[in-house]
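We have chain A already, so just place chain B on it with the hints.
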Amino acid sequence: MSEQTVTRTDEEQRSNSLTVDAESDERLVDSWTEYEFEGEAAITVEDLDVYYGDDHAIDSISMEIPERSVTALIGPSGCGKSTFLRCLNRMNDRIDSARVEGTVEVDDENIYEGDTDLVQLRKRVGMVFQSPNPFPKSIRENVSYGPRKHGDVNVGLLGRLLGNDDRDVEREIVERSLEQAALWDEVSDRLDDNALGLSGGQQQRLCIARCLAVDPDVILMDEPASALDPVATAKIEDLIEDLAEEYTVVVVTHNMQQAARISDQTAVFLTGGQLVEYDDTDKIFENPESDRVEDYVTGKFG
Amino acid sequence: MSGETASRTAAPAVDAFDRVALGIVGLAIVTFLLGWTTLFERTSPDTAVAGISLFALFGAAFLFAGVGLIASGIASNVGLFETTADRYTGLGTGVGFGVVGFATGGLVATILFGVGATGNVLAGLAVALVATVAVAVLPEDLGTTLPVGLLAVVWGALLAAGLVDVGWVWDPPSLDAAFHADVVVPLVTIALSLLVVWSGAIVSEGFGSQGRQNGAYMLIGLNAFGMIAVLLLLILFVVRKGLPKLLEGAQLGPGLNVSVPFITNGVMMGQQYNGVYPAIVGTVWLVIGAVVLAVPMGIGAAVFLTEYAEQGRFTAVIETATNALWSTPSIVYGLFGYAFLVPRFGNTDSLLAGMFVLGFMLLPLVVITSRESIKSVPDEYRDASAALGVNQWQTIRSVVLPAAMPGVVTGVILGVGRIAGETAPILLVTAGSPTPSRARSVLGSFQFMATPPFVKNETLLQASSALPYQLYAVISTGAVDLGESFGWGTALVLLLVVLGFYAIGIASRIYFRRKLHQ
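Read top to bottom, the protein sequences are chains A and B. For what it's worth, my numbering labels the leading residue of the first sequence as 1, then goes sequentially. For what it's worth, my numbering labels the leading residue of the second sequence as 303, then goes sequentially.
Simulated from the structure, these hints should not be mistaken for lab results. Don't take each hint at face value.
What the hints assert, rightly or not - Quick partial rundown of chain B residues pointing at chain A, CB under 10 Å, derived from the structure:
{"id": "1", "residue": "Val605"}
{"id": "2", "residue": "Glu609"}
{"id": "3", "residue": "Tyr610"}
{"id": "4", "residue": "Glu612"}
{"id": "5", "residue": "Pro680"}
{"id": "6", "residue": "Ala686"}
{"id": "7", "residue": "Leu690"}
{"id": "8", "residue": "Gly691"}
{"id": "9", "residue": "Val692"}
{"id": "10", "residue": "Ser700"}
{"id": "11", "residue": "Lys817"}
Everything numeric in this text was worked out from a predicted model, so none of it was measured. Heads up, the beta-carbon is just placed ideally off N, CA and C, and yes, glycines get one too.
Only chain A is shown next, with the shape it has when bound in the complex (with noise of 0.2 Å):
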């Protein structure tokens, strides 16, 4: 069965999308992607659906994300949990050929309503990428990059000449962020030292310091540890068990470990772009309901 999953075309996947899945022989079941939980949603996404021009990348997803917790995507390459968790911030807006329906929900807003500020949202939903990106500036400006362009931190010659230069509040924000994002006990003694100096899974930490100073309520990480060794690696999982005591933390990821490891429920993409199982990270890796599931969690397929 999982080879024929693997060959499957996806021109096969969209015809008998949904309901039907007659190779595997199994049917999506609505109820296994009803995940109950207690607290709030950070995040509610109904019926979302994205096309990269005609390629149908997701595929009428619902789903809630409950707010200060780890909520893990798994799945294969190419079965759109990336693009996903871009439409939780809007940043498939930069993609020409993306086209997104239906709503998601950010604090009882739908995002994809016309007068949407993208500088709020990004504000509130922030996101960390795969390969470390800092920008080619210190360490401090790194950090400060997000207040000061938002003009939360106002350090400019204006500033200082009217008497009202936020330097302590731009020092405040990056000791803030450092030490939250495990990074400042490293770096304090050189802040001002270009922030590319600094190894990959340091550069990675400061992308999430960089994300936190502009305080957000959600932070968006795609695979953030895939491109760094295992010690980095470790350091990246403890922060985001540490971050979700304060933020709900959306991740994706390739490593099915570290989804066990670091989430407390996780949603499992299959090819098609479809969500067919979303639980509690144990009962997804312990039981779940799909055979599919089982068999990509139990390294069979995928």
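Quick look at chain B alone, frame taken from chain A:
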């Protein structure tokens, strides 16, 4: 062919083989360098070492190298040494020697037998065909050594026997030109040295893939070295010709008083030392004006085309158009300025018109290089900035442009080198007297007013001289009788001014790079 006899090979013999090959390579490098220096009159063909003239030394070197190469090739082929030669030399090398054969065959036929144009082409083709086929099917150890060795032996014998000596001239009846030994010998020597180096390098690594690698490495390396050598020799040539004039009447001291009249004087009747100061000032102002006009416009256009405009037919057309503009001859720009700008700027040649024309010339290069360097800024920076909610313009200003600046500056440096030396547009839109006595004082003639346009500068609307234009006038028109040495002095000053702009450009590039990486 060599594999079967490998067991017979003794280590000392291989050592000797290596040494001969390295000796040949070393010798050829020496002749290569001496060829260049002779071509640029740094060494004279009459230079004699221990009573032997330079050309005869070349001859001896080539004889030794040629015999050595042939011997090595044959020795490897009959199995005296263990080498890793391939079975065939291959068509690539064959065609290469075909080209060499075409040139050699054609020349020899013309010089020796005086056959007509068709005849020497046919002779060349015949030799080329034979060389190509023969080299291609020969075993590698013969194919890479024998042709080069034969050429070297023949050329060496000609030189050593004095058949081609200092007084040798080839005066083909079909051409107006005559070829003298002091040019021909160095040129052939340089070309042949490259071949010998290539062949020797292959031999020294025992043929095979190692040998080909080494041959290519030496050939390319020596070529690059030759390029730099040409550049240095060229600069040395100008310096040697121009320096006496530049330092004429120059005084050092007393104290920190340095006076170089050639740089600080204009041209005046009855003045002891005439100079190029007004032209220097003219050139500097022209370049500054052009840069001030072109750089902001060019960067702006590049930002729009790369960051905002949708990539498609529109940007493709613009790109082609900018490339075409950059290759447009400067006289065309000059004529445009003459017909369009000059009538609008007071109907007289003026500095301002020159600035505009040179600015227009600089613009396409700034656009092209800025686009390239903006494109090469990683998209990750833009994504990271967008994900923080920073808008596109702020992203461009604080992340994209700083990262692109070193590339932009490189483009401006290249462009300034070109426009600083432009003569044709200056001639048409800026030039007044080529050798004025006083420099234009641009900064001093700004006037501010309470009524629009609030500022005026009469000097910008007056004609001025410039270094390339003055050089042209002094050397070629004969209208100004200051002598050729004055021209060489001007050339040297122009070179220095351009190098000065380069230095400023490189310093600012280093500054921008440092900002990115420190």
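Hints, verified against the model:
1. Val605: With a closest approach of 17 Å, the B:Val605 hint is violated.
2. Glu609: violated, 12 Å
3. Tyr610: violated, 13 Å
4. Glu612: Given a least distance of 8 Å, the restraint on B:Glu612 holds.
5. Pro680: Because about 7 Å separates B:Pro680 from the closest Cβ in chain A, which is inside the 10 Å limit, the hint holds.
6. Ala686: At 5 Å from the nearest chain A Cβ, B:Ala686 passes the 10 Å test, so the hint holds.
7. Leu690: The hint holds - B:Leu690 has a Cβ within 10 Å of chain A, the shortest such distance being about 4 Å.
8. Gly691: OK, holds: B:Gly691 within 10 Å of chain A, min 3 Å.
9. Val692: holds, 4 Å
10. Ser700: Nearest chain A Cβ about 7 Å off; hint holds.
11. Lys817: holds, 8 Å
Violated hints, listed in ascending order, are 1, 2 and 3; each of the other numbered hints is respected by the structure.
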